[in-house]
Structures are given as C-alpha cells and as structure tokens.
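Student: Chains as they are written, first to last, in our numbering: chain A, 67 to 228; chain B, 59 to 263.
Treat the hints loosely; a few may be bogus.
[Stated by the list, open to error] Here are the computed lysine to aspartate or glutamate pairs in the EDC-like style, where the Cα-Cα straight-line distance is at most 20 Å: (1) B:K119 x A:D120; (2) A:K223 x B:E165; (3) B:K239 x B:E143.
Simulated from the structure, these hints should not be mistaken for laboratory data.
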Amino acid sequence: MGELTIIGLSEYGLVAGPNVLLTYGLGSCIGIALYDPELRMGSLAHTLLPTAHDVAAITVKTAKFTDLAIDIMVDELVKSGCAKERLVAKLAGGASMFDTEYRSFRGAIGQRNVDSARKSLAGHGIPLLAEDTGGDYGRTVEFHASSGLMIIKSIQKPGKTI
Amino acid sequence: MRIADLNETELDALREVSNIGMGHAATALSQMLGKTVNLRVPQVLVTDISKVPELLGGAEKMVVGIYLQILGSARGNILMIFPRENAVRILEKLLSRENSRGGLLSELEVSALKEVGNILASAYLNALGTMLKMTLIPSVPVLSFDMAGAVVDYVLVDLAEVGDQSLMVETEFFEDDEQVKGHFFLLPDTPSLQIILEAIGVLHG
C-alpha cells in the first residue's frame, strides 16, 4: 500500500496509484470517489450538504456541497490528465444517524446527499458503478487508486468492498 | 452578524450563560446518579466546520451522541457526547446491573441515556430561558452510538448552510472519580446567537 492521506469533512483530494485516500466517520455525509481506471488516478470527497444554493457567494473551493464537489473533482481530474469520458464513480454514506421520526425534520439529509450526487454524476455523464448508501450507521472509507476499490468499514456492520 | 466578528465581551457572556445553564444540568445529573458532578470552565469554540470532528476527539472515536433541537424564542442544537466507556458507566449506575458491554445498546439502555440527555438539556435550557427571559424548549432527544464524525455531521447541517464556521459552547462535566464524563455542546444558529447576545445585553455595534 502506498501513502495514506486523510480527507476531512468538506475536503477532497486527488490520488494516483499506489496511494490511498481515507475519510473517517461518514454519517449523513457522503464519500464520493471518481476514478480514471486507465491512469489509475482518482479523487475522493467528503461532502456535507446536497446542493449549493448561492454559488456566487462561495469563494473557497471546498467539498462542502455534493453537487459543487463533483464539479470541482471532475475539473481537477481533467486538469491532471484524466479523460472525462473514462471517469467512473462510487458512493458511500448518506445514512440517517438518528431515529426515523427525525428524518422528516430536514427531509433526510443523507438521502438528499445521495440523490444530489446521482443527479450530478448523471449530468456529467459519469457512470455510477457501485454504492453503499443509506442505513443508520457511520462509515469509514478507504479509496485505493491502484484498484479503484472503495473499502468501507463500519462499527455496527461487517466491512464491504465496492 | 458573523461568528468571526464576536468580541471578547460577547464570548465571555456566552461562557457565563452556559456555565449557569450547565450548573443546573449538573445538579440534575448529580441527583439522578447520587454522586457529585463537577464542571470545567466552559469554552467557546469557534472553528471551521471541517475541524469539528477533531474537537470531539477524532472522527473515528466511538461515542454516544444525544442530540436535541432547541425550540422557542431562539433556535439551535444541543449535542451531548459521551465517550463509549463513560456511557456504559452511566448505564451501570442508572440501571444497577451489568449491561451489554460488548456490542450495541439495548432498547432500555438507549432509552435511559436519552432520558439523561433530556434531563440535562431541560435543566440547561430552563436556566438559560429564565436568565434571558425567553422560552426555550428542548425537542425529544435522539441518540446515535457510532463514530464521532458520523454522529456530528447531521448536527452541523444548519450551520453549514449559512457559513463555514461553527460556534460551539462546550462544557465538560465529570464525576469525582471521572467514571462519568461527558461534553455538552450548545450550537445556536446564527440568528439565535444574535437574539441571545441581545438578551444578555452585550451585543456590540
């Protein structure tokens, strides 16, 4: 395994094989991985909110918003030499951490994050290869640039590789 | 008003208000556990939203998080974080029996911890409301037992919608032998922060 870099809340990173990006404790947040299998290069973001309402007001490039994060990642990957038409995506997270009755309060933020990511990926024409989303538990995600695999660990559930 | 613009007097006022609120909450917890519960001096933590999981001891740390919304004249969130082993000790004291140490919490244990959260938040908000002459009501508590990062992200949604910074008034409480320990966070939303500071009478400008 190569070098490991930790991606925090509302951050994103670029990675090339054999290196690994890691993000801890996704709850309603989602981990979005974009990958160019030919170059073995990709990006992982840890996003908090589904959509940016006031794009003009956003001055700092962060991965706080799911839709904007995907735009930024695609941009940066293409700039680094990836071909947009080769990019594929994987998603993890988007849970509802608290009891069901609370979900309606803010309209299931986790699910809205997942929906926003799917929509944004479709808009870019990037196929969503696999996802591990929903549920009521947190996820820690490793994204391996050498294989494009996402290794998902939870405390309450057995691990999973997508 | 921007969180970054708060001056020292305003931060002091928030610490003091929280200290009084937490004093009442600690008394309630002491009575419930039959032990003295102490407080540390509250801190006002102004930080980038992306750094909040680190303040809770790291995004991957296992915690019990009890979350309530503040309803009434001012809005915001209350989050109580108990490190896993401390939540287990609270349960031992409350339920007077060995609990399921290994894995998940039983329904009874979840319910007991929510009740602890409810009592702490009610005492805290009641004291705050009396002092500020406003009505502050806690919502029904909800609980999550998971990684700190996963527990807290939902709570940050309100703040993240309007900015990149969070303001949390944090008070640590602990029993004499440190068997029971937890963190109490008040996260007013930005308009409510203004309402609270106006009510204390320290809002500048």
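Student: Would the pair K119 (chain B) and D120 (chain A) pass a check requiring their Cα atoms to be no farther apart than 20 Å?
Tutor: 34 Å, violated
Student: Mind checking the alpha carbons of K223 (chain A) and E165 (chain B) for me, to see if they're no more than 20 Å apart?
Tutor: Since the Cα atoms of K223 (chain A) and E165 (chain B) sit roughly 18 Å apart, the hinted pair holds (cutoff 20 Å).
Student: Just to be careful, I want the Cα atoms of K239 (chain B) and E143 (chain B) compared with a cutoff of 20 Å; is the pair within it?
Tutor: 9 Å, holds
Comparing the model with each numbered hint stated earlier shows that hint 1 is the single one that does not hold.
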